[in-house]
Amino acid sequence: MSFLTKVFIYPVNSLILADLVERFGHKPLTMMNQVREKVTNISLDSPPVNITPEDPKIGLRYAAVEVPAGVRGRMALIGPLIEEAEAAIIVENPPANFGCVGCNRTNELMKYLVRDKGVPVLEVKYPESNDDAHDFVNKIAAFLGSLPKEKPEEDEKLTEEDPAEKEAEK
Amino acid sequence: MAETEKEEITKYIVISSEKVLPSDAAMKIYESEFPITVKETCFGLVVTGPKEDILSVVEEIRQLDKNHIFVKDRGYPAGDKRRCRASRGGGPRPGFHFLREEVEMLPAIGAALDELEAKESVKEERKEKGRLKVSDLEKIIEEELAR
Numbered sequence: 078m079s080f081l082t083k084v085f086i087y088p089v090n091s092l093i094l095a096d097l098v099e100r101f102g103h104k105p106l107t108m109m110n111q112v113r114e115k116v117t118n119i120s121l122d123s124p125p126v127n128i129t130p131e132d133p134k135i136g137l138r139y140a141a142v143e144v145p146a147g148v149r150g151r152m153a154l155i156g157p158l159i160e161e162a163e164a165a166i167i168v169e170n171p172p173a174n175f176g177c178v179g180c181n182r183t184n185e186l187m188k189y190l191v192r193d194k195g196v197p198v199l200e201v202k203y204p205e206s207n208d209d210a211h212d213f214v215n216k217i218a219a220f221l222g223s224l225p226k227e228k229p230e231e232d233e234k235l236t237e238e239d240p241a242e243k244e245a246e247k
Numbered sequence: 075m076a077e078t079e080k081e082e083i084t085k086y087i088v089i090s091s092e093k094v095l096p097s098d099a100a101m102k103i104y105e106s107e108f109p110i111t112v113k114e115t116c117f118g119l120v121v122t123g124p125k126e127d128i129l130s131v132v133e134e135i136r137q138l139d140k141n142h143i144f145v146k147d148r149g150y151p152a153g154d155k156r157r158c159r160a161s162r163g164g165g166p167r168p169g170f171h172f173l174r175e176e177v178e179m180l181p182a183i184g185a186a187l188d189e190l191e192a193k194e195s196v197k198e199e200r201k202e203k204g205r206l207k208v209s210d211l212e213k214i215i216e217e218e219l220a221r
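First to last, the protein sequences are chains A and B. Following the numbering used here, the numbering of the first sequence begins with 78 at its first residue and continues without gaps. Following the numbering used here, the numbering of the second sequence begins with 75 at its first residue and continues without gaps.
All the given hints hold, so there is nothing to weed out.
Computed spacing ranges between beta-carbons, pair by pair:
| no. | chain 1 | residue 1 | chain 2 | residue 2 | range |
| --- | --- | --- | --- | --- | --- |
| 1 | B | A185 | A | V144 | 38 to 44 Å |
| 2 | B | K213 | A | E205 | 44 to 50 Å |
| 3 | A | K202 | B | R174 | 16 to 22 Å |
| 4 | B | M101 | A | L121 | 31 to 37 Å |
| 5 | A | K202 | B | E216 | 48 to 54 Å |
| 6 | A | N170 | B | E82 | 31 to 37 Å |
| 7 | B | Y104 | A | S206 | 36 to 42 Å |
| 8 | A | N181 | B | E81 | 31 to 37 Å |
| 9 | B | K193 | A | N118 | 40 to 46 Å |
No lab work stands behind these hints, which were simulated from the structure alone. Quick reminder that beta carbons are idealized off the backbone N, C-alpha and C, glycines included.
Just need the whole structure built from these sequences, with the hints factored in.
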């Protein structure tokens, strides 16, 4: 299966969004994949010792030290996803934000960073009725259909060549 | 050297279909003989196993009723002690609340996908037709007159 564009979704653990993005042939950037890396890595144990010394440093890239630790902890997982994103779908007023996505300050920061990144962003309201659901699906389908179908090959080659060049320079 | 372990992934298969039950989907997986772990739940299935096997199984299950079966990744493997209710003393699993909210909306999303698919097939048919042939026009007129 070849995915086309990496699409950041908000809420980051949404079943509907992750499925729709994958259904229309793109790659959803989800929290679950980040969590998988943390919980299936043999060198990490169960909570609360499931972070490495590197994680707080990653969090500090997005939020200052006086910001609550929870925001930085979440951004350590979500921030790299935003950096990878080539497009984004943001759903306003999702019905419930629990657990890993339960921090409103993180959500505000996350949405700000996505909008600031300059990638194509679709903002839709969470559907509450059948009619809303039709609009919701149609908008998302149209947005995903409008995303580029093929990545420019030159960019990929450049990114591949970079590490080798650096090593050679050393 | 021992072979490097294959990457294992876990996926939720959420079934909101009138034709397919979670047990049907589970049976389909057992029949497929892939070396994967299947856990049946109230909303569908949790499947864990090697990445390639999981992707092909998920695609197979999705084809049972593609607009009403939804799939997403899961971080923890099926039955992981850190998340399994059996070892945590009951209560909903963290992350279940949001899933439950979304599951309520799935019938409407499925219907919307059905409609979208129907619209696309109508569009394709129209594209294929192009100009109306004289013979086809004659048939239509004859049918209309025969009424």
